[in-house]
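Protein chains: 2
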Amino acid sequence: MCQLLGMNCNTPTDIVFSFEGFRRRAGLTDSHSDGFGIAFFEGKGVRVFRDNRPASLSPIGDCVKQYDIKSLNVIAHIRKATQGSVDIENTHPFIREIWGENWVFAHNGNLHDLPDMTGRFCQPIGSTDSEAAFCYMAEFLKRRFSRKPVEQEIFAAVQEVTEFLAQHGTFNFILSNGEWMIGHCATNLHYLTRQAPFGKAQRIDDESVIDFNDYAKDGDKVTIIATFPLTKDEKWTKMLSGGFVFFKNGEKVKEIIGVEKAIIDDGTLGDRIVNDCS
Amino acid sequence: MCQLLGMNCNTPTDIVFSFEGFRRRAGLTDSHSDGFGIAFFEGKGVRVFRDNRPASLSPIGDCVKQYDIKSLNVIAHIRKATQGSVDIENTHPFIREIWGENWVFAHNGNLHDLPDMTGRFCQPIGSTDSEAAFCYMAEFLKRRFSRKPVEQEIFAAVQEVTEFLAQHGTFNFILSNGEWMIGHCATNLHYLTRQAPFGKAQRIDDESVIDFNDYAKDGDKVTIIATFPLTKDEKWTKMLSGGFVFFKNGEKVKEIIGVEKAIIDDGTLGDRIVNDCS
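Protein chains in written order, with the UniProt record's numbering: chain E, 1 to 278; chain W, 1 to 278.
Treat the hints with caution; some may be incorrect.
[Stated by the list, open to error] Computed from the model, here is a short list of chain W residues facing chain E with C-beta under 8 Å:
(1) G43
(2) R50
(3) P59
(4) I60
(5) D87
(6) N102
(7) D116
(8) C122
(9) I125
(10) G126
(11) K142
(12) S208
Calculated from the structure, these hints are not laboratory results. All C-beta atoms, glycine included, are put in the ideal place defined by N, C-alpha and C.
Let the sequences and hints guide you as you build the complete structure.
Written as structure tokens, this is what we have:
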């Protein structure tokens, strides 16, 4: 499997504190060493860095750290390959143009028996299940709407195609068009929002401490989405299986809580629908 | 206008010598300071670096130099903006997926009254004429062939769509799918192929000298395509208006020589078709 990291904010923010902890999991504190990628939105544009070397050791990773890029939306991924070779074309995040926007997508999971995209308008370049699923999603959305619809319709359509794709396996993902960020949980996805009053946080992966008061100002809202929490003294929300969350300007716009995996009396693993709040 | 640089080889080669001269033209030896981009193919994948700062001063440019990436196909662009703001989304090279491949495109020129791509499958993200033209090309090719055809058909289709787009203004470009590289000249494009026996070359932009014998081995073939020559003691071929050239593995596969602009007896500027060789 892999790990995901996303950031959605209302003010351009650097992701160095989170990314430096996250990339230690690529060879130092965990074994997600099969390449990494990180995409920064800058307006409608995307600056993307990818390497097939482990993020913790990559000079490209060092460049990201030094460059101190500030962005409203960032998606990063460290890979532990399940399908597809350890090559650049199989390195997340994947990017496709949809309705004249860059859409950036990173996946954690494993999907099987996806529809064949040969001969379709959106075709995968590499050999991962992840890119194939994203291409299916892109083609689905473009065929459903030839021009960008309102957000409510986008979210509903993304949910619909996700429900279809999730039938093919484990489908945790983070998706952004540079305005909003969507997280979908199949097995593991957590989020938190940092806003005033700001406090300190200690990274799980190397004990490093930050005081956000030194960096943030009143009114700033910064949401972090990650496969597993990155700090030990902040309150992370663990998403449930099938959960969807939509952030914009660092704020939660909508959430579908999803299904809690529960141990049923007979010892089997059952599903319990929690609720749907928006 | 802008300047273009492309490299097509039969062995993974670093482009640092050429790129270091080229990027001096972004603020030091010339005024192409409105951002830059460079894309390196690695197999079917692409590693791309973009900055809206001048290439000569950019830390991203320094990172490219330090990282010493070797590639069979590279396309770089330094921008002097004519249409579109100095933002990442307007920074060449542009990338689109066509038939399950990354296609990388950089343009030098100015196009007007291009077909409106609103509502089409391939839409521009930024506001440049260049990206709009590339989207038109991508949609044209995908609609003509749902699966990748043989190279001869690809080249013929690219020529056909280029003839249409070139009616809209000045259309110098370099295009690659990671296997081959196409150069099209409207006003300025030059190329040369380095192969045994290798010699020395001196960069035009800073007098720096390289001896390719120290880096290349017998059998290596490295073609460089550039808006203007980068070295002063090598024989660059100046392409003619309407000229097309197709390289693969560092070798010229096909060339359409194009049209030489000639002064006609009556003093007007006329076109003289030179020939068509393949």
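Do the hints match the structure? See the list:
1. G43: holds (5 Å)
2. R50: holds (6 Å)
3. P59: With Cβ-Cβ at 6 Å, under 8 Å, it holds.
4. I60: holds (7 Å)
5. D87: OK, holds: D87(W) within 8 Å of chain E, min 5 Å.
6. N102: With a minimum Cβ separation of about 6 Å from chain E (threshold 8 Å), the hint on N102(W) holds.
7. D116: It is violated, given that the least Cβ distance between D116(W) and chain E is near 12 Å, above 8 Å.
8. C122: holds (7 Å)
9. I125: holds (5 Å)
10. G126: Since chain E brings a Cβ to about 6 Å from G126(W), closer than 8 Å, the hint holds.
11. K142: Check passed: Cβ of K142(W) comes within 6 Å of chain E, closer than 8 Å.
12. S208: Result: violated, 24 Å to nearest chain E Cβ.
Consistency note: the structure conflicts with the earlier hints numbered 7 and 12.
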